[in-house]
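Enquirer: What follows is the residue order along each chain.
Protein chains: 2
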Amino acid sequence: MFINDLHDILVDDDLASFGDSLINFVYSIALSVVGGRFRGGRVKNRVLAEALCRCGLRGLLEGRVDVHVKGDAAEALIAYAWLSGRVSLNELVDILVGNISADSIGNFDCEVKAFSALLKHVLVRIFEG
Amino acid sequence: MFINDLHDILVDDDLASFGDSLINFVYSIALSVVGGRFRGGRVKNRVLAEALCRCGLRGLLEGRVDVHVKGDAAEALIAYAWLSGRVSLNELVDILVGNISADSIGNFDCEVKAFSALLKHVLVRIFEG
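Line order of the protein sequences matches chains B and D.
Note that the first sequence ends on residue 128 in numbering that gives the first Met the number 0; no numbers are left out.
Note that the second sequence ends on residue 128 in numbering that gives the first Met the number 0; no numbers are left out.
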């Protein structure tokens, strides 16, 4: 995996589209575990966008980069990691559960921290090959 | 599993909320397999509502029953089946893939047929359980 390959993944609209439903599913499981009751959740684009920046991946995106482009890049990266077998659903859920508490559900900073941890983990797994 | 238990599942808002993200994830995988490229999809409430009626489950819902109540009931039932270990993600994906073709993506009748097949399978698994 080279930096150019990583750029191609981050700007892949198909992966981002798929990643949206993957992330919402994983997030829903994590919310249910942490909150103690089943619930669905949708991850906000601005949470993913901020998490992407905190992982130092902003520099790989060129041109007009709004919150949607950055959010899509995070979704694409996580989708790639799961689809290529680098991470399992359980692994993704466990990282979110370890970084979200019942009190912090819906808190922007806490969610950014949780998704930053997720992206960092995914990056390590991708570069481990 | 008795009919009263089934009613309680169908009207469980928590299960429906979780089921929404589960169904969209499973549907996204199926669309990607059938369409030959990764993509995300959201299942329309009226597709799930119609599928629920075709499976004869409408009679278990009382009072005001609009398309959202019926769609939620389908989501709750599928969520229950997966969360209780009656069906696997692969099983759910396989049924959708077997009932959707590349030409029929987005076609209301074809989607209703696919989700009717999914609900019937889930019902069998639940009552076998």
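Please keep in mind that the hints were generated in silico from the structure rather than gathered at the bench.
Any given hint might turn out to be false.
[To be verified] Distance condition first, Cα-Cα at most 35 Å in a straight line; then the derived DSBU-like pairs of lysine-lysine:
| no. | chain 1 | residue 1 | chain 2 | residue 2 |
| --- | --- | --- | --- | --- |
| 1 | B | K112 | D | K112 |
| 2 | D | K43 | B | K112 |
| 3 | B | K43 | D | K43 |
| 4 | B | K112 | B | K43 |
Enquirer: For the pair we were handed, K43 (chain D) and K112 (chain B), check the Cα-Cα distance against 35 Å.
Expert: holds (32 Å)
Enquirer: Is the hinted pair K112 (chain B) and K112 (chain D) satisfied, with a Cα-Cα distance of at most 35 Å?
Expert: violated (42 Å)
Enquirer: Tell me if the straight-line CA distance from K43 (chain B) to K43 (chain D) falls inside 35 Å.
Expert: holds (21 Å)
Enquirer: Do the alpha carbons of K112 (chain B) and K43 (chain B) lie within 35 Å of each other, as the hint requires?
Expert: Holds: K112 (chain B) and K43 (chain B) sit about 13 Å apart, inside 35 Å.
Hint compliance for this structure: hint 1 alone is broken.
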